[in-house]
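Those protein sequence lines, which keep their order, are chains A and B.
So the number in this note's numbering is just where the residue sits in the first sequence, counting from 1, plus 19.
So the number in this note's numbering is just where the residue sits in the second sequence, counting from 1, plus 153.
You can trust all of the hints, since none of them are fake.
List time: in silico DSSO-like cross-link candidates among lysine-lysine, alpha-carbon distance up to 27 Å:
1) A:LYS186 with B:LYS252
2) A:LYS167 with B:LYS269
3) B:LYS239 with A:LYS156
4) B:LYS225 with A:LYS167
5) A:LYS136 with B:LYS300
6) A:LYS168 with A:LYS65
7) A:LYS168 with B:LYS203
8) A:LYS167 with B:LYS252
9) A:LYS95 with B:LYS300
10) A:LYS92 with B:LYS225
11) B:LYS300 with A:LYS167
12) B:LYS331 with B:LYS238
13) B:LYS279 with A:LYS156
14) B:LYS300 with A:LYS92
15) B:LYS300 with A:LYS103
16) A:LYS168 with B:LYS228
17) A:LYS134 with B:LYS300
18) B:LYS300 with B:LYS228
19) A:LYS168 with B:LYS301
20) A:LYS167 with B:LYS203
21) A:LYS156 with B:LYS203
22) A:LYS156 with B:LYS301
23) B:LYS239 with A:LYS167
Distance windows between CB atoms, simulated:
24) B:TYR170 with A:ASP29: 43 to 51 Å
25) A:GLU55 with B:LEU224: 46 to 54 Å
26) A:LEU192 with B:LYS197: 45 to 53 Å
27) B:TYR270 with A:LYS168: 20 to 28 Å
28) B:LEU224 with A:GLU104: 32 to 40 Å
29) B:PRO236 with A:LYS186: 39 to 47 Å
30) B:GLY250 with A:TYR74: 27 to 35 Å
31) B:TYR170 with A:ARG215: 48 to 56 Å
32) A:PRO46 with B:HIS351: 54 to 62 Å
33) A:GLN118 with B:VAL180: 26 to 34 Å
34) B:THR340 with A:LYS186: 31 to 39 Å
It is worth saying that the hints were derived from the structure and are not from the lab.
Backbone N, C-alpha and C define an ideal beta-carbon position, used for all residues, glycine too.
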Amino acid sequence: MNKIKENVDDYRQQLQSYLLRLDPSTPINELSELVEQFSIDKFSKKQMILQAGDYSDTVYFVFDGLVRIYYVKEDKEITNWFIKENMMFAATYSILTGQPNYSNYETLEDTYVLKLKYSVLESYYEKYHSLEHIGRKLIEAYYGSFMKKTFDVLFLSAEERYQIFAKDNTDLLNRVPLKHIASYLGITQETLSRLRAKY
Amino acid sequence: MKLTENIDEHRNNLKEYFLSVAPNTNVNELTELVNEFTLCKFSKNQLVYKVDDISDTFYFLVKGLVRAYYLKEDKEITNVFIPEKKIVAGAYSILTGEKNYSNYEAFEETYALEIKYVVLESYYRKYHSLERLGRLLVQAYYCAFMKKTFDVLFLSAEERYQLFLRDNGDLLNRVPLKHIASYLGITQETLSRLRSKH
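Assemble the whole structure, with the sequences as input and the hints as a guide.
Here it is in structure tokens:
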């Protein structure tokens with residue numbers, strides 16, 4: 020953790036690059052001011068960051084590690100998302116509605132994050148138009164991927180879903196137990212094994 | 154047509170809708186934006202957006218009703234009903250850059266205020282308070298989409314029916330039951346049973 024703390028500027032730089040991709044014309048000094056507000060935190064492997072029914076007020080950027088977001092239905096864990104390096108996560112539903120969250124957030128590896136209270140993030144949206152724009156792009160990106168995931172499950176075959184996943188997340192095939200990948204794809208572990216052998 | 158004479162009233166309704174989503178929006182800036190909207194009409198059963206369209210227009214319904222649905226194994230599954238004073242955004246295509254999965258059909262003769270997304274975006278760029286309105290609109294729709302997704306996962310058919318009744322009671326008389334059943338993810342028989350019970 021000490022070594023990690025010494026490198027906080029590097030991680031903030033990583034976050035800054037991530038946000039800058041949403042709009043490359045963002046003034047760097049305004050973006051740096053926001054990124055400076057983030058602080059480091061660490062979660063051990065298998066640690067529950069947030070449980071279904073919890074309330075949350077914090078947004079996270081993963082700079083090292085892996086988080087699994089899942090819900091429980093009829094005693095089964097169904098994985099919604101894997102959040103790896105250079106991705107953000109937040110209990111968006113709880114933050115935006117003030118209602119309890121639906122999903123569980125658990126680390127699959129030791130995970131290092133930069134984090135910030137949502138109210139502070141919003142105060143920077145308010146302060147600079149350029150950051151308000153980044154905020155809009157960010158929520159649009161998350162809403163877009165949520166819809167895409169929902170419709171992919173409806174319209175694509177198991178095989179097509181596997182191919183998309185394998186293309187974007189080759190590394191996760193070795194980092195994540197297959198049962199979680201199967202529930203993420205909405206298929207059985209047997210089907211997943213068959214698809215893996217085929218490709 | 155009388156509706157076209159009332160365009161100021163429709164723009165006022167739109168302004169109120171925007172202010173309900175983002176109460177701190179600067180009213181002069183908002184007025185400038187809503188004055189860019191023009192009135193358009195869809196006949197009954199006309200498609201506002203078709204499957205495979207890329208959305209380029211944002212609509213605010215003035216009168217009428219729009220039903221969004223997708224086809225799965227030759228069955229029409231209703232995603233959402235959009236009544237007066239709500240937005241038809243074609244959000245999937247706008248946010249992912251891909252083609253829409255759903256048809257948006259005018260279910261009754263429908264009038265809407267419309268604006269091209271490029272014009273809307275130019276106002277987001279021009280005024281900070283309108284960019285904020287844009288963000289809060291997306292947030293509101295994102296939350297509603299998440300809630301619908303999780304309601305289907307976690308609530309019983311009966312609970313979903315009761316929620317629908319509470320939020321959309323008037324639609325029971327405006328929409329054929331088969332569409333309400335597919336929206337709720339239940340059979341028409343189950344829906345009839347629930348209707349007689351409540």
